[in-house]
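Colleague: Line by line, the protein sequences give chains A and B. For the first sequence, my numbering gives the first residue as 1, with consecutive numbering after it. For the second sequence, my numbering gives the first residue as 1001, with consecutive numbering after it.
Just so you know, these hints were derived from the structure itself, not from any lab. Here the structure is a predicted model, which is why all the values come from computation and not from measurement. Virtual Cβ for every residue (Gly too), placed ideally from N, Cα, C. Each hint should be verified, as a subset may be incorrect.
[To be verified] If you only want the chain A side, here are some residues facing chain B, beta carbon under 8 Å, derived:
| # | residue |
| --- | --- |
| 1 | 75 |
| 2 | 167 |
| 3 | 176 |
| 4 | 177 |
| 5 | 245 |
| 6 | 284 |
| 7 | 288 |
Chain residues, written in single-letter form:
Protein chains: 2
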Amino acid sequence: MAEYIVGIDVGGTTTKFGILTTTGENIGKWKIHTHTENDGKNICSHIKSSIQEYCRENQIPKSKLAGVGVGVPGFVEEGSGMVNNAVNIGWKDYPLQSTLEELLDLPVFINNDANLAAAGEYWQGAAKMETSTLCITLGTGVGGGVILNGDVVTGPSGTAGEIGHFLVVPHGRICTCGREGCLEEYVASKGLRRSLLDHLRNPAESTQLDKSSEAIDIFKAAEEGDRLANRIVNEATYYLAYVLANTVVLFNPEKIIIGGGMSAAKETLLQPLVAHFKRFVLTEADQHLSFGFAQLGNDAGIYGASWLAAKRLGYIDD
Amino acid sequence: MAEYIVGIDVGGTTTKFGILTTTGENIGKWKIHTHTENDGKNICSHIKSSIQEYCRENQIPKSKLAGVGVGVPGFVEEGSGMVNNAVNIGWKDYPLQSTLEELLDLPVFINNDANLAAAGEYWQGAAKMETSTLCITLGTGVGGGVILNGDVVTGPSGTAGEIGHFLVVPHGRICTCGREGCLEEYVASKGLRRSLLDHLRNPAESTQLDKSSEAIDIFKAAEEGDRLANRIVNEATYYLAYVLANTVVLFNPEKIIIGGGMSAAKETLLQPLVAHFKRFVLTEADQHLSFGFAQLGNDAGIYGASWLAAKRLGYIDD
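Take these sequences, add in the hints, and give me the full structure.
Modeller: This is the structure we're talking about:
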């Protein structure tokens, strides 16, 4: 009888796999290179052969697999099973669900990778049992996922949770989405780098940072008391706190989870963030709210993808 | 056998009642004055005697009533059944659910009035069958309700959907919530009045509007081409569009419904609002979205309150 779910997290360079039980225990994981050539047309057959190979080597018969969940970095329509647009993969109007279902002969469920990272933390990580959770991933850009009433919020275009594209600065920095002043141009690692370069135009401000410093160096310097670094971190956490306070007014979550590379800065990030947040937030909306860091790291995606399939197949109650 | 639900909409001056079938047909409605004296301590007994009287007069036996839903203008914790704070009623940390259940000997479910107005429009009004809907009510202030995956979003403090307290202007106008720059200080009837008074300080701008003009007069004057009125409407719809675009990025609804007194301005409100919105919104999030006006008017609350009880009692599927 079927008892395992395959969770897949498709990324621009690596595709991660996990075999999980329907109750969320990870019994194996591996990864392969993502071949994005030819608009990613070969990815699905690579996924198929990789699963077959892993199952053969680990003596997992096909009959043990109940279904497959897949997270994709882009706009994904769970309802229609289509990937609207995933620029780093090459998929545009791509019927991912039906393509994989045909190849694997298993039920397949798809969603956005940041949504599923949130679902992973909700199922087996930092937000376990919190029925309303906001997860933000601070990496190169800012990803987000919203869990409400025990399910992931997707929306008809699959753009729900795109907190990185929250507009914060009128006529601000140009974003990759084509608009001006999106949050991720100020707070993600690319945003911090842009702030650094802006500030370094005034050489008097520069201390231990220079043009080649990375986002994580900025946090390190801030921790060591560097004035410019603290100014950049202060500005970034101000914008992020503003967005979180407005998000909290709309959803009233119980938990805000911070993940992604920049979350390694821990208290250097969290302390100014929470200080700004407390000044912005509607008091009543803050009463039952707490902040936390993600716990599943790079595995959040495969947990969340497995959760999606387990949930849609009826293994997880509301 | 039980077949009716009582929907109650408690307001600062009037409490509205409706008797609805579990499938949403309204078979009777009435209203009474809300006695807010003594911190609203007598409201529940007035509700009880009013229901008893109506049922006696209309020959509805108690056995026909399945349950009661109540909407309250304030922060309501549906889970604990407590009204956290309803300033216009006088209830603070008030156990509304248990008080009414004891008096009525019926299951009672409570929620925020704007959330339930949204649920009413979702059940029997302008957003029928739209599984993800945002409703905004433009009255004296700005109320909001969010429907996702077929249920109302409430949050542990009951503050979800409080879109009127979305911060739009740094160090802006002082709001009744104690913070600065909340949306409702710029776009609701009180906000439009504040904008008018601000602008009238410069007498050259004044045309057919004066200090005593109401919000609806501003829309009327705008329609007739009054420059000042158009400037005020343009400013208000700019802020509202900014908030809606950011809200849409967060949860990607299918429908935005506009209700409340100011929605009477129809196209004079909607046309500049949508124009600003199209400039702000993330293209992908706008693909499956449409705007509409509320259809249930002042009855939205009793429909939504009935929906809440019918839903929680299992009469409505997901």
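Colleague: Does each hint fit the structure? Answer for all of them.
Modeller: Against the structure, the hints:
no.	hint	result
1	75	holds, 5 Å
2	167	holds, 6 Å
3	176	violated, 11 Å
4	177	holds, 6 Å
5	245	holds, 7 Å
6	284	holds, 5 Å
7	288	holds, 4 Å
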